[in-house]
Structure formats: C-alpha cells, structure tokens
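**Student:** Protein chains in written order, with numbering that gives the first Met the number 0: chain A, 0 to 296; chain B, 0 to 363.
Just so you know, the hints here were simulated from the structure itself, not pulled from any lab data. In this text, all values refer to a predicted model and were calculated from it rather than measured experimentally. Careful, some of the hints might be misleading.
[Stated by the list, open to error] Restraint-style ranges between C-beta atoms, simulated for each label pair: (1) E296/B <-> T246/A: 25 to 33 angstroms; (2) G156/B <-> S151/A: 41 to 49 angstroms; (3) G157/A <-> K65/B: 36 to 44 angstroms; (4) K65/B <-> R76/A: 22 to 30 angstroms; (5) E196/A <-> F40/B: 38 to 46 angstroms; (6) D220/A <-> D346/B: 40 to 48 angstroms; (7) D346/B <-> V194/A: 34 to 42 angstroms.
[As the list claims (entries may be wrong)] Listed below are the simulated SDA-like cross-link pairs for lysine to any residue, each with C-alpha atoms no more than 25 angstroms apart in a straight line: (8) K224/A <-> D181/B; (9) K209/B <-> K224/A; (10) K49/B <-> K209/B; (11) K207/B <-> G178/B; (12) K211/B <-> K224/A; (13) K191/B <-> W169/A.
From the three backbone atoms N, C-alpha and C, an ideal C-beta is built for every residue, glycine too.
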Amino acid sequence: MLVAFKLKLALACVAGFAGPLAVAPLLSTDFSSDPASQSEQAFVELRPSTVSYRLAGDFTRAGKTAEAPLVTLRFERPISIMKHQVSASDYQRCVDAGSCRPLEAGVVIAADRPAVRVSWRDADSYADWLSRSTGWHYRLPTDEEWALAAGSRYVDDGLPVDDNDPSRGWIARYERESERRPPDDAVRPFGSFGVNENGLLDASGNVWEWTSTCFVRTALDAAGKGISNNANCGVRVAEGAHRAYVTDFIRDARAGGCAVGVPPSNLGFRLVREQDAPSSLESLSTALRKRWANVMS
Amino acid sequence: MLTRRAVMFSAAAVALMLAAPALANEPKLPRQRVDLLAPPFVHAHEQATKQGPKIMEFRLTIEEKKVVLDDQGTTFQAMTFNGSMPGPLMVVHEGDYVEVTLVNPETNSMPHNVDFHAATGALGGAELSLVNPGEQVIIRWKATRTGVFVYHCAPGGPMIPWHVVSGMNGAVMVLPREGLTDGNGRPLHYDKVVYIGEQDLYVPKDEKGKYKSYDSPGDAYNDTVEVMRKLTPTHVVFNGKVGALTGKNALTARVGETVLIVHSQANRDSRPHLIGGHGDYVWETGKFANAPQTGLETWFIRGGSAGAALYTFREPGIYAYVTHNLIEAVELGATAHFKVDGKWDDDLMTQVKAPAEIPPPATN
C-alpha cells in the first residue's frame with residue numbers, strides 16, 4: 000500500500016546524487032590537505048545502502064491524525080558527510096569573512112568544539128560561504144541522509160496514534176524524550192559522545208544538527224497513499240537524541256518551542272559535500288589556484 | 000588575631016547575657032517529631048484531624064552550598080534550609096506548637112536565623128534564632144492562624160534580601176482542624192499536595208555576558224547586590240533549578256485526582272497558571288479562614304507570601320504550571336510540568352478536523 004510512496008521517495012533520494020565525477024579524482028587528493036578550505040575537517044563516505052526511516056512531519060490519514068509512515072530508504076550513491084560537526088573556529092572564519100552572523104557571546108571558539116547556538120540560516124550561510132570559497136558544493140544533509148549517517152544513533156520518533164485519545168501520544172513522546180535527554184548542555188570536545196558504526200562523531204549527543212528538511216504536513220488517503228502535502232520551510236528538522244522541528248531563525252531552542260516537550264540542548268550542524276566536481280570553470284580555477292598557493296608556500 | 004568568628008561569638012554571648020530569657024513554660028501536650036521531605040514532596044499528615052494540639056518538632060539544618068541552576072552549568076552560591084531551594088514545607092494544625100531546632104553547622108560561613116510569617120512576635124522568631132556557624136537554637140511558636148505562610152532567613156540589614164534571594168526560604172501550612180472547606184463549610188479534600196517554591200535569582204555576568212562563578216557566598220556578595228538593585232532577575236525557577244520539575248522529575252497525577260498546589264514566593268510577585276487546567280478553589284492570599292475563590296484562570300501570589308490552589312484533573316496529558324509572565328516562564332525558567340494519566344474526555348476538548356490546506360473559496 001505504501002509502495003507508490005516508497006518508490007517516489009527512493010527516486011527522490013537518488014536524484015540528489017546524480018552528477019559527473021569526471022574531474023573529482025584530480026582534486027580530491029589535494030582537498031583534504033588544503034588548509035584554506037578544510038582545516039582539519041575530515042569526511043566519512045557512507046556507502047550505498049538502505050535504512051529504515053520514519054518520515055518527518057505530521058501526517059493525517061483519511062482526514063485524521065496518523066502516525067508517520069515508516070519506510071525503507073535506498074541510497075544508490077555514496078554520500079560524503081563531515082566526520083564531526085562544523086567547529087566553532089571554522090564557523091568563525093566565515094564570520095571573519097563577513098559572510099556569517101557572529102557567534103553568541105559565550106560560545107567557545109575552538110577547533111575541537113562544535114559551533115553552537117547557530118540557526119538554520121546561519122548553517123545555510125556557512126555552507127554557502129564554504130562552497131563559494133572552495134569551489135565545492137557543501138550543503139546541509141537532508142533528514143534522510145542524516146538518518147543514514149547516524150545509523151544506530153538515529154531515533155525512530157514514531158508513536159502510535161490513538162484516535163480517541165490524543166493524550167497517549169503526548170505522554171509517550173514526553174516520556175521518551177525525557178528518557179533520552181542528554182545529561183547537560185555543556186559543549187564538549189569532538190568525540191565526547193563517541194563514534195558510531197559509520198565513523199561519525201557525536202551523533203545524537205547534546206548538539207542537535209540542522210537538516211535541510213522542512214516541516215511538512217502530509218495528507219494520506221485511507222489506503223496510505225499520499226494525496227497532498229503542505230511544507231512550511233520556515234521550520235526545519237533538527238536531529239539529535241530526538242527529532243525536533245525548530246523555526247529557522249532560532250539559535251537557542253533550549254527554552255522550548257512550545258509549553259511542553261524536551262527542547263534541543265544545543266543547535267549545531269555538519270555538512271554533506273557533493274561528490275560531483277565543481278560545475279563551473281571558475282570554481283575549478285579557484286581550486287587550482289589554491290593548490291598552487293600551497294605548493295609555492 | 001581577632002577573627003571575624005571571635006567577634007561574632009563575643010557579640011552573640013553579650014546579646015545572650017543581656018536578653019537572659021526565662022525558661023519557657025512548656026505546654027503540657029504530646030509531642031510529635033516530623034521528618035521533613037525535600038520539595039516538591041510534603042511529609043505525611045492528616046487533613047481533618049480528631050487529634051488535639053501537639054508540640055510538632057522540626058529540625059532545619061542550614062546548608063550553604065554551591066548549586067547548578069540550569070543545564071548550561073551556571074553555578075550559584077546558595078543558602079538553604081535542609082539543602083534544598085526552597086526549604087521544606089512544614090505542615091501542622093491550628094493550635095499546634097511548632098518547635099524548630101535550627102542548626103547552623105560549623106561548615107557554614109555566616110550567621111543565619113529564621114522568620115516564620117505564621118508566627119507572632121520577635122520578628123517571626125528571627126530575633127530569637129540567630130545562630131553562628133557551629134551553633135543551634137530551639138524556638139517554639141504557636142500556630143494561631145490557618146493558611147500557608149512563607150518562612151525565610153532574615154539576619155539583619157542588607158543580609159536579609161541577599162539571603163532570601165540566595166534560596167533561604169520555604170513555607171509552612173497550618174491546616175484547620177476540620178480540614179479545608181469551601182466558603183459554605185463544605186469539606187474539601189486533596190489526594191495529593193505538592194509544594195512549589197518559586198525563586199527569583201540575580202546572577203552576575205562578566206564583561207562577555209557569561210554568568211560568573213564564585214567560590215563562596217561572601218565572594219559573590221558585592222556583584223550580586225549590584226544585580227539585585229536593578230530588580231530584574233536573571234533566573235526565576237521552581238524548586239531551585241531551571242527544569243527541576245520537568246522531564247523525569249515532572250509532577251504526576253491521575254484524572255479524577257485532586258491536587259493541592261502550594262506556591263510560595265518569598266520576595267517577588269508571581270501569577271501562577273496551569274496551562275490546560277484551572278484553579279477550582281484558590282486561596283490566593285493563602286489564608287484558609289477566608290473562603291477560597293473558585294474557577295480561576297490565573298491567580299496572584301504576592302511577593303512575601305504563599306498561596307494554595309486546589310484542582311481536580313479532568314483530562315489526561317501534559318500540563319505546564321507556569322508563572323504567567325511568559326518571559327519569566329520560558330526564558331527565565333519558571334515552568335513545571337504535570338504528567339496526567341487517565342481517560343480522555345472528548346466532550347471537553349476535541350479536534351473536529353485535523354489541520355489541512357485551506358480549501359479554495361467556494362464558487363457558484
């Protein structure tokens with residue numbers, strides 16, 4: 000019954016990774032050693048695989064509130080994602096370049112600490128700046144990609160919906176989020192929350208990571224087929240110990256989005272690097288120039 | 000070397016000799032020792048009672064301690080009764096005598112005392128209870144008035160507000176012997192009582208806007224008074240910490256259960272509101288000789304007092320209990336949660352149609 004939906008989703012995922020790989024080998028070896036663009040940030044490559052995934056957003060089925068469907072996602076291409084969250088010192092370079100909003104007072108600016116108290120817009124600005132200054136395409140992961148990357152650290156936030164009693168879902172969610180709450184909000188060095196089976200550091204620690212996925216309300220028919228959806232891209236999915244929907248200009252969600260529920264401790268992010276080469280000649284020459292600068296210095 | 004402690008001791012000794020209290024005539028009444036519980040819990044007690052007046056024995060041990068106020072790790076030099084902010088709720092009945100042993104252990108750095116708003120004379124007992132570190136005192140006062148009342152430390156002068164906003168306050172509940180009643184003498188019974196002590200805190204910040212940390216209350220004093228004098232708290236918390244009564248520590252109840260929420264604010268006005276609920280019977284001023292107000296939305300706890308609200312839960316789910324200055328509730332920490340189990344009543348609240356796209360305007 001959800002076959003049509005699944006297929007559509009699988010196709011959507013595949014489409015994101017189409018692109019020429021022709022020029023990549025020339026530059027990729029240089030890449031990790033180019034201090035101007037990378038500092039110490041390393042990437043992990045996620046192999047094509049499938050993952051069980053709870054669709055994000057709110058769902059109705061035949062007009063009534065329903066649990067979000069659990070689907071199987073198939074990723075056809077490898078994904079390069081940052082090993083750890085973007086560091087505060089890396090983010091600061093974007094600030095110094097005049098392309099990002101300054102970090103909040105009190106945020107520790109260090110190479111081994113995540114940039115925190117950053118909004119979705121801040122993360123988007125950083126990805127944009129990093130792409131422009133390196134010639135590579137960096138972007139926030141989609142919620143699906145984050146789920147793939149997080150692996151065993153990804154939390155299914157599905158809850159059975161009792162049509163006659165909305166309080167069951169509220170209480171179940173409250174209890175589950177309370178159970179998984181990090182011990183405190185103190186920002187810790189990378190690696191403090193361990194490494195997952197994909198080599199990612201600190202997934203689902205006390206930093207919730209922005210994704211590009213918008214809050215979507217999807218209407219399903221009685222058979223479970225998608226009829227329509229209504230996206231609010233002023234609210235984005237932030238992933239961590241539990242999935243959160245946070246307004247895109249919020250830097251500090253600790254006070255909570257509504258009266259009840261457990262809010263994210265800290266907001267930060269990590270980026271995906273597109274596998275395809277820079278599409279324009281200009282960005283290619285930028286990268287080559289940098290390579291020469293390295294060689295010459 | 001004349002130490003501060005030596006000066007304090009000699010001053011206290013002189014005061015004692017001058018006061019020369021006579022041995023208090025002890026009422027010939029049975030005694031009962033009470034073991035206090037840390038808030039939000041309250042020690043076991045009767046509501047309506049057939050027993051006669053007793054001498055109720057309580058022990059309050061003062062503890063100066065460094066606490067953490069929030070999940071960001073903001074520290075604070077607190078002064079507490081029995082180690083908690085607020086201090087414990089003490090429950091007695093009208094006509095009982097409240098005998099308090101106030102202990103100020105050697106490990107503390109300052110003199111302390113206690114002023115019971117429910118008591119009469121001697122500045123609420125403060126004049127007769129000043130103890131230096133290493134000392135203890137016993138005072139006894141008669142519970143002549145029913146209601147919930149604040150108690151707090153009041154060592155004199157500028158120390159008074161500073162100790163109070165450092166956490167050194169709590170509450171007493173003096174119940175009528177027939178238990179609580181509404182304005183018409185009809186008995187009101189609670190299945191459960193919770194004590195929420197609201198605390199306004201004034202934590203200094205450094206030049207970078209980060210909260211400062213201190214090694215002792217004395218070190219914090221000057222900076223703290225500067226913040227206090229601006230009359231704008233940096234934190235307003237229930238039970239001593241942002242989120243103390245949320246998550247795993249959320250208050251619990253069941254549909255059909257009647258809860259008495261005792262709320263004290265020793266220093267500053269508050270306006271409690273139960274989001275999703277009401278105050279069925281509210282003693283806003285906290286004094287049971289007055290008929291409670293009924294069916295309230297939000298009530299007012301004037302600073303320096305305690306109030307009590309009775310509510311029978313009707314719907315399951317999550318409720319937030321806040322002060323309805325929502326800036327204080329959300330940004331400064333004044334939020335508690337109730338997690339209520341039970342059967343949903345569709346008649347009281349229902350979603351007629353789930354959110355969906357706005358339909359296009361009807362055309363002819």
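**Student:** Measuring from beta carbon to beta carbon, are E196/A and F40/B in 38 to 46 angstroms?
**Tutor:** Cβ of E196/A to Cβ of F40/B: about 43 angstroms, so the range 38 to 46 angstroms holds.
**Student:** Decide if the proposed pair is consistent with the structure: K191/B and W169/A, CA atoms, cutoff 25 angstroms inclusive.
**Tutor:** Answer holds: K191/B to W169/A is near 23 angstroms, not above 25 angstroms.
**Student:** Could you say whether the range 22 to 30 angstroms given as a hint is met by the Cβ separation of K65/B and R76/A?
**Tutor:** For K65/B and R76/A the Cβ distance comes to about 53 angstroms; the hint is violated.
**Student:** Take the C-alpha atoms of K207/B and G178/B, compute the straight-line distance between them, and say whether it is at most 25 angstroms.
**Tutor:** Since the Cα atoms of K207/B and G178/B sit roughly 54 angstroms apart, the hinted pair is violated (cutoff 25 angstroms).
**Student:** Could you tell me whether the CB distance from D346/B to V194/A stays inside 34 to 42 angstroms?
**Tutor:** Check failed, 52 angstroms falls outside 34 to 42 angstroms.
**Student:** Holds or violated: are the alpha carbons of K49/B and K209/B at most 25 angstroms from each other?
**Tutor:** Outside the cut-off at roughly 56 angstroms; violated.
**Student:** Measure nothing beyond the straight line between the CA atoms of K211/B and K224/A; if it is 25 angstroms or shorter, mark the hint as holding.
**Tutor:** violated, 56 angstroms
**Student:** Assuming the hint says 25 to 33 angstroms, is it satisfied by the Cβ distance from E296/B to T246/A or not?
**Tutor:** Since E296/B and T246/A have Cβ atoms about 28 angstroms apart, the given range 25 to 33 angstroms holds.
**Student:** Regarding the pair K209/B and K224/A, is the alpha-carbon distance no greater than 25 angstroms?
**Tutor:** At roughly 52 angstroms apart (the allowed maximum being 25 angstroms), K224/A and K209/B break the hint.
**Student:** So the hint says 40 to 48 angstroms: do the beta-carbon atoms of D220/A and D346/B match that?
**Tutor:** violated, 29 angstroms
**Student:** Hint check: K224/A vs D181/B, CA-CA at most 25 angstroms. Holds or violated?
**Tutor:** Judged against 25 angstroms, a Cα distance of about 56 angstroms means the pair is violated.
**Student:** Do the beta carbons of G156/B and S151/A sit within 41 to 49 angstroms of each other?
**Tutor:** violated, 60 angstroms
When each numbered hint is compared with the structure, violations occur for hints 2, 4, 6, 7, 8, 9, 10, 11 and 12.
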